[in-house]
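Peer 1: Chain residues, written in single-letter form:
Number of protein chains: 2
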Amino acid sequence: MANDLYPAYPPDLTAEQEAYLLTNVKDWSIAHGLAVRPTPAYVPTKQDPSGALATTAPVTLFPSLFPRVCFEQAKGVATAYNELYSAIASDEGWLKGTVEELLEIDDFIAQLWKVHLKVKEEGDVQDLSLGLFRSDYMVHIDPTDSSAKPSVKQVEFNTIASSFGGLSTQVSALHKHLRSIDAYHDSTASTSTDDALPDATSVPKLAEAMALAHRAYGPSSSALPTCVIFLVQDPERNVFDQRHVEYALNTNHGVRTFRLPFQRILDDTALDPDRKLLYTPPHSPSKSYEVTLLYFRAGYSPDEYKSDRDWHARLHLERSAAIKCPSILTQLAGTKKVQQVLATPQSPHLKHFLPNENQAAAVLRTFAPIYPMDKSPAGLEARRLAQNPSAATRFVLKPQREGGGNNIYRSSIPQFLKSTPESHWPAHILMEMIEPPAQKNSIFRNGEVATGGVICELGVYGACLWRSGVVNGERRGREVVENFEAGYLLRTKGMGSEEGGVAAGFGSVDSVCLVDV
Amino acid sequence: MANDLYPAYPPDLTAEQEAYLLTNVKDWSIAHGLAVRPTPAYVPTKQDPSGALATTAPVTLFPSLFPRVCFEQAKGVATAYNELYSAIASDEGWLKGTVEELLEIDDFIAQLWKVHLKVKEEGDVQDLSLGLFRSDYMVHIDPTDSSAKPSVKQVEFNTIASSFGGLSTQVSALHKHLRSIDAYHDSTASTSTDDALPDATSVPKLAEAMALAHRAYGPSSSALPTCVIFLVQDPERNVFDQRHVEYALNTNHGVRTFRLPFQRILDDTALDPDRKLLYTPPHSPSKSYEVTLLYFRAGYSPDEYKSDRDWHARLHLERSAAIKCPSILTQLAGTKKVQQVLATPQSPHLKHFLPNENQAAAVLRTFAPIYPMDKSPAGLEARRLAQNPSAATRFVLKPQREGGGNNIYRSSIPQFLKSTPESHWPAHILMEMIEPPAQKNSIFRNGEVATGGVICELGVYGACLWRSGVVNGERRGREVVENFEAGYLLRTKGMGSEEGGVAAGFGSVDSVCLVDV
Numbered sequence: 001m002a003n004d005l006y007p008a009y010p011p012d013l014t015a016e017q018e019a020y021l022l023t024n025v026k027d028w029s030i031a032h033g034l035a036v037r038p039t040p041a042y043v044p045t046k047q048d049p050s051g052a053l054a055t056t057a058p059v060t061l062f063p064s065l066f067p068r069v070c071f072e073q074a075k076g077v078a079t080a081y082n083e084l085y086s087a088i089a090s091d092e093g094w095l096k097g098t099v100e101e102l103l104e105i106d107d108f109i110a111q112l113w114k115v116h117l118k119v120k121e122e123g124d125v126q127d128l129s130l131g132l133f134r135s136d137y138m139v140h141i142d143p144t145d146s147s148a149k150p151s152v153k154q155v156e157f158n159t160i161a162s163s164f165g166g167l168s169t170q171v172s173a174l175h176k177h178l179r180s181i182d183a184y185h186d187s188t189a190s191t192s193t194d195d196a197l198p199d200a201t202s203v204p205k206l207a208e209a210m211a212l213a214h215r216a217y218g219p220s221s222s223a224l225p226t227c228v229i230f231l232v233q234d235p236e237r238n239v240f241d242q243r244h245v246e247y248a249l250n251t252n253h254g255v256r257t258f259r260l261p262f263q264r265i266l267d268d269t270a271l272d273p274d275r276k277l278l279y280t281p282p283h284s285p286s287k288s289y290e291v292t293l294l295y296f297r298a299g300y301s302p303d304e305y306k307s308d309r310d311w312h313a314r315l316h317l318e319r320s321a322a323i324k325c326p327s328i329l330t331q332l333a334g335t336k337k338v339q340q341v342l343a344t345p346q347s348p349h350l351k352h353f354l355p356n357e358n359q360a361a362a363v364l365r366t367f368a369p370i371y372p373m374d375k376s377p378a379g380l381e382a383r384r385l386a387q388n389p390s391a392a393t394r395f396v397l398k399p400q401r402e403g404g405g406n407n408i409y410r411s412s413i414p415q416f417l418k419s420t421p422e423s424h425w426p427a428h429i430l431m432e433m434i435e436p437p438a439q440k441n442s443i444f445r446n447g448e449v450a451t452g453g454v455i456c457e458l459g460v461y462g463a464c465l466w467r468s469g470v471v472n473g474e475r476r477g478r479e480v481v482e483n484f485e486a487g488y489l490l491r492t493k494g495m496g497s498e499e500g501g502v503a504a505g506f507g508s509v510d511s512v513c514l515v516d517v
Numbered sequence: 001m002a003n004d005l006y007p008a009y010p011p012d013l014t015a016e017q018e019a020y021l022l023t024n025v026k027d028w029s030i031a032h033g034l035a036v037r038p039t040p041a042y043v044p045t046k047q048d049p050s051g052a053l054a055t056t057a058p059v060t061l062f063p064s065l066f067p068r069v070c071f072e073q074a075k076g077v078a079t080a081y082n083e084l085y086s087a088i089a090s091d092e093g094w095l096k097g098t099v100e101e102l103l104e105i106d107d108f109i110a111q112l113w114k115v116h117l118k119v120k121e122e123g124d125v126q127d128l129s130l131g132l133f134r135s136d137y138m139v140h141i142d143p144t145d146s147s148a149k150p151s152v153k154q155v156e157f158n159t160i161a162s163s164f165g166g167l168s169t170q171v172s173a174l175h176k177h178l179r180s181i182d183a184y185h186d187s188t189a190s191t192s193t194d195d196a197l198p199d200a201t202s203v204p205k206l207a208e209a210m211a212l213a214h215r216a217y218g219p220s221s222s223a224l225p226t227c228v229i230f231l232v233q234d235p236e237r238n239v240f241d242q243r244h245v246e247y248a249l250n251t252n253h254g255v256r257t258f259r260l261p262f263q264r265i266l267d268d269t270a271l272d273p274d275r276k277l278l279y280t281p282p283h284s285p286s287k288s289y290e291v292t293l294l295y296f297r298a299g300y301s302p303d304e305y306k307s308d309r310d311w312h313a314r315l316h317l318e319r320s321a322a323i324k325c326p327s328i329l330t331q332l333a334g335t336k337k338v339q340q341v342l343a344t345p346q347s348p349h350l351k352h353f354l355p356n357e358n359q360a361a362a363v364l365r366t367f368a369p370i371y372p373m374d375k376s377p378a379g380l381e382a383r384r385l386a387q388n389p390s391a392a393t394r395f396v397l398k399p400q401r402e403g404g405g406n407n408i409y410r411s412s413i414p415q416f417l418k419s420t421p422e423s424h425w426p427a428h429i430l431m432e433m434i435e436p437p438a439q440k441n442s443i444f445r446n447g448e449v450a451t452g453g454v455i456c457e458l459g460v461y462g463a464c465l466w467r468s469g470v471v472n473g474e475r476r477g478r479e480v481v482e483n484f485e486a487g488y489l490l491r492t493k494g495m496g497s498e499e500g501g502v503a504a505g506f507g508s509v510d511s512v513c514l515v516d517v
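Note that the protein sequences, when read in sequence, are chains A and B.
Terminal number for the first sequence in the working numbering: 517, no gaps in between.
Terminal number for the second sequence in the working numbering: 517, no gaps in between.
Keep in mind that the hints were calculated from the coordinates and are not lab data.
Just so you know, not all the hints are guaranteed correct.
Repeated chains share a single entry, so a pair holds when one copy, or any two copies, can fit it.
[Claimed, not checked] Listed next, the in silico EDC-like pairs over lysine to aspartate or glutamate satisfying Cα-Cα at most 20 Å (straight line): (1) 96 / 303; (2) 176 / 145; (3) 306 / 208; (4) 176 / 236; (5) 375 / 142; (6) 351 / 16; (7) 114 / 304; (8) 114 / 100; (9) 287 / 72; (10) 46 / 448; (11) 375 / 234; (12) 96 / 268; (13) 375 / 136; (14) 418 / 374; (15) 287 / 16; (16) 287 / 18; (17) 46 / 234; (18) 306 / 274; (19) 114 / 104; (20) 375 / 357; (21) 287 / 182; (22) 75 / 199.
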């Protein structure tokens with residue numbers, strides 16, 4: 001934790017200043033849908049059985065400081081990351097080699113792979129894939145180099161259900177509003193200038209990417225109207241985050257959308273003889289739609305698959321002609337194992353997928369060292385570090401699968417390994433902790449303000465639409481149709497909590513206040 | 001209640017159709033600030049002390065049917081009403097004669113008049129007045145004439161704190177959204193066409209009127225920055241209604257705004273030697289603003305004035321150079337007594353204030369017969385009707401003051417008069433009940449749906465900025481600077497409830513689905 005990077009910010013507030021700020025946060029947020037459904041602890045279900053109540057999404061009262069050079073670095077590398085991960089997701093042979101190491105130890109990945117193989121056997125009927133990625137970073141300052149400049153280091157790369165794009169646009173607008181009404185004390189005026197608060201463009205950009213995929217699908221061949229499906233969890237507290245993207249897709253692009261709960265896939269969809277995915281809304285049983293794009297905001301976590309029926313539902317979708325965002329290959333490209341393989345020192349894989357040297361170098365600069373936990377030379381070194389109580393304090397141990405949660409931090413790692421069979425160790429990766437600069441902010445959540453030291457995580461969205469090639473029956477090579485950076489997200493958590501997932505009940509959504517450091 | 005005017009509408013919904021409709025209402029409304037703070041019965045204060053929860057504002061699930069000819073009639077007469085009421089508010093001598101009849105029986109009006117006289121004594125320093133009026137109507141079909149066409153009849157004319165302009169724009173957009181996603185059954189498609197759902201423009205129009213007044217005030221003479229004050233009740237459950245207008249004023253017109261609770265007037269404002277009104281926000285004690293416009297969303301109800309200090313606060317504002325929306329004269333022009341004097345059959349007053357014969361005739365067509373309850377010939381006739389249990393069923397007895405509530409309906413009137421001293425009778429007016437056509441709708445409020453017969457009330461906003469003249473020390477004559485219709489509101493209540501005020505816990509906000517009848 002580097003301590004002297006930022007100017008003093010934000011100022012202490014008088015009771016009147018805080019009251020003014022909070023009143024405006026509470027009213028503006030609800031007036032603009034910067035909201036979540038309340039937790040059951042806040043409002044018990046029986047009190048509001050129809051779920052009509054909402055509250056301000058967890059937000060910071062001030063935009064957090066963020067080095068301009070780091071922000072530009074992260075945005076600048078977004079299209080290279082799109083290239084990289086679309087290339088990985090299109091190289092089935094390579095992915096197979098990587099994934100096969102996990103099959104015995106990660107049942108979820110094994111099941112996903114099985115679904116992929118079944119579709120492959122039958123032959124795929126859709127060669128377009130959409131990736132709505134989010135690469136998450138923290139600012140890192142090398143603690144061993146007193147003249148070190150800050151740079152971003154990647155925390156993880158998300159290839160499925162990258163969330164908070166909807167709320168990000170709104171929280172950025174909130175902070176700009178608060179600034180415009182002088183809710184920020186004069187002493188911050190020189191810091192939070194117009195130029196320091198870039199717009200968060202995730203809502204229009206993510207919607208644009210989905211509209212491009214929708215049109216690239218081509219006209220309906222079934223003579224039915226077309227639609228985009230948001231595959232969702234039900235219930236979903238973070239529904240407004242998703243709705244903002246959906247409404248932009250409706251309003252800006254005239255695309256019809258429906259929310260399909262994961263549990264209802266087999267009830268409400270069917271495949272026609274050409275494997276076109278047909279959706280019949282329960283409220284309108286006589287009218288069906290041909291699905292152009294399946295946008296996954298569900299199905300990424302093992303605990304959503306409770307039975308064979310759920311895996312059958314996933315296979316049903318994967319077999320279909322709808323463009324998947326993401327396909328199973330793209331989802332698997334997002335495993336921590338792939339991140340580790342790329343970021344293991346001296347790894348040859350990055351330049352294989354990114355032959356452009358400038359792109360590869362830019363991506364490489366964002367990697368923090370990551371080690372496998374297997375029996376390779378790098379893995380044996382990692383095992384030694386992770387079991388050493390002193391060395392372990394510089395690391396985090398992460399499971400390879402998506403969805404957050406269950407990271408093991410620093411001094412808890414040795415004990416965790418003792419209680420875990422060694423055969424399961426390779427299901428994790430060991431990553432050097434990123435040491436972000438210290439700063440202070442206030443987080444408003446569930447009607448309460450907490451002020452103190454915070455840690456920020458920057459996510460940069462990337463949108464990539466590509467067409468896969470097939471060589472000898474395997475996915476290999478691809479043509480990138482669209483590739484653009486799609487806005488940013490800042491998530492901020494109290495330093496007491498080591499996880500960064502706001503939906504999981506920690507942290508908050510935030511926006512950047514850029515500083516030249 | 002005429003029963004055969006409208007086509008069958010809306011259709012009965014299956015459980016799945018209602019679920020789809022409701023889910024979309026709940027999510028869209030919060031995403032777009034069509035919201036209120038929950039009632040204490042819904043969410044007890046101690047559960048949410050900071051007041052961070054919100055819920056969907058009471059809304060209809062479908063836009064209610066409304067005859068196109070009636071909608072056009074009401075909108076078409078808005079600028080004539082602006083002329084009429086700005087003329088009345090500028091004729092102090094005439095108002096005095098009308099108000100003086102009430103001084104002994106209505107202490108609230110007497111106090112307002114006293115405040116006006118005190119300012120008059122000292123001399124007024126602001127000759128501009130802004131009226132943001134709302135004229136409320138119901139569709140009426142003469143039950144005694146089988147070939148009668150529907151027309152609108154005025155329920156009341158509001159000259160202070162005309163509410164729901166903010167939510168009206170949003171509920172109209174909600175209903176259009178629901179239509180665009182086919183949440184309305186196919187059988188309503190021929191009724192709720194694009195052409196049948198006019199935009200509700202109240203938010204941009206009300207904000208535009210306030211911006212025009214703000215600019216007409218002229219530059220600050222105190223060298224301070226300028227602002228508009230929203231004078232508000234605290235707490236205010238209907239805060240988002242007000243915020244939408246405020247945000248439009250900020251965003252579309254770059255005008256600074258502050259919310260000033262009625263109780264804090266004397267704490268947070270002061271008059272300079274030229275009686276410029278200076279506002280010092282509690283959160284920023286070293287920075288003051290010159291107030292250009294005072295927009296009253298409080299101070300209209302007797303129960304807000306709890307002590308001499310509150311009346312002193314009102315005097316303090318009235319003395320100031322800020323443009324008042326409304327001034328006390330304008331507020332008094334909105335008493336039911338004035339409405340009655342204009343609408344008493346054969347009244348000469350309308351053409352006095354509206355010399356343009358077409359305008360006067362158009363306004364006259366919107367009047368339902370209204371009688372005084374005094375000892376004039378018309379008043380004696382009214383007393384006879386009101387005490388007759390059979391005749392009384394065609395009438396409503398209304399207090400002369402603003403703010404809704406306390407109307408006495410139909411068969412309850414005779415008993416009410418028996419229990420009220422005769423000297424207080426002239427504090428009321430007697431109005432023939434308007435007989436609107438029957439229709440059905442569903443109202444969603446506090447998380448619950450109620451379906452059944454409903455009654456709709458159309459409000460048309462009018463914006464008028466004028467400069468008063470002075471003749472022999474009295475306000476007389478004026479120059480109208482701006483005069484435009486400023487959008488509409490539809491409020492809909494279950495037929496079981498005879499009051500129309502949504503804020504008071506009855507009814508809902510709605511939008512029109514125009515039909516050619």
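Peer 1: With identical chains treated as interchangeable, where does the CA-CA distance between residue 375 and residue 234 reach 20 Å or less: within a copy, between copies, both, or neither?
Peer 2: neither (41 Å within a copy, 67 Å between copies)
Peer 1: Using 20 Å as the alpha-carbon threshold, which applies to residue 96 and residue 268: within, between, both, or neither?
Peer 2: neither (32 Å within a copy, 70 Å between copies)
Peer 1: Evaluate residue 114 and residue 104 at a C-alpha cut-off of 20 Å and name the case that applies: within, between, both or neither.
Peer 2: within (13 Å within a copy, 88 Å between copies)
Peer 1: My question is about residue 375 and residue 142: at a cut-off of 20 Å on alpha-carbon distance, are they close within one copy, between copies, both, or neither?
Peer 2: Answer is neither; intra-copy 29 Å and inter-copy 92 Å both fail.
Peer 1: Please work out whether the CA atoms of residue 75 and residue 199 approach to 20 Å or closer within one copy, between two copies, in both situations, or in neither?
Peer 2: Answer is within: at 13 Å inside a copy they meet the 20 Å cutoff, but 40 Å across does not.
Peer 1: Measure nothing new, just compare the shortest in-copy and cross-copy C-alpha distances for residue 287 and residue 72 to 20 Å and report within, between, both or neither.
Peer 2: neither (47 Å within a copy, 36 Å between copies)
Peer 1: Can you give me the call for residue 46 and residue 234, within, between, both or neither, at a CA distance of at most 20 Å?
Peer 2: within (17 Å within a copy, 29 Å between copies)
Peer 1: At most 20 Å between CA atoms: does that hold for residue 114 and residue 100 within a copy, between copies, both, or neither?
Peer 2: This pair counts as within: shortest intra-copy Cα distance 11 Å, inter-copy 88 Å.
Peer 1: Under a CA distance limit of 20 Å, which applies to residue 114 and residue 304: within one copy, between copies, both, or neither?
Peer 2: within (17 Å within a copy, 70 Å between copies)
Peer 1: Within, between, both or neither: how does the pair residue 176, residue 145 come out at a Cα-Cα threshold of 20 Å?
Peer 2: So residue 176 and residue 145 fail the 20 Å test inside a copy (36 Å) and across (60 Å) alike.
Peer 1: With identical chains, the pair residue 418 and residue 374 could be close in the same copy or across copies; at 20 Å between alpha carbons, which is it: within, between, both, or neither?
Peer 2: within (16 Å within a copy, 93 Å between copies)
Peer 1: Cα distance capped at 20 Å. Does residue 287 pair with residue 182 within a copy, between copies, both, or neither?
Peer 2: between (52 Å within a copy, 11 Å between copies)
Checked against the numbered hints given earlier, the structure breaks hints 1, 2, 3, 4, 5, 6, 9, 11, 12, 13, 18, 20 and satisfies all the rest.
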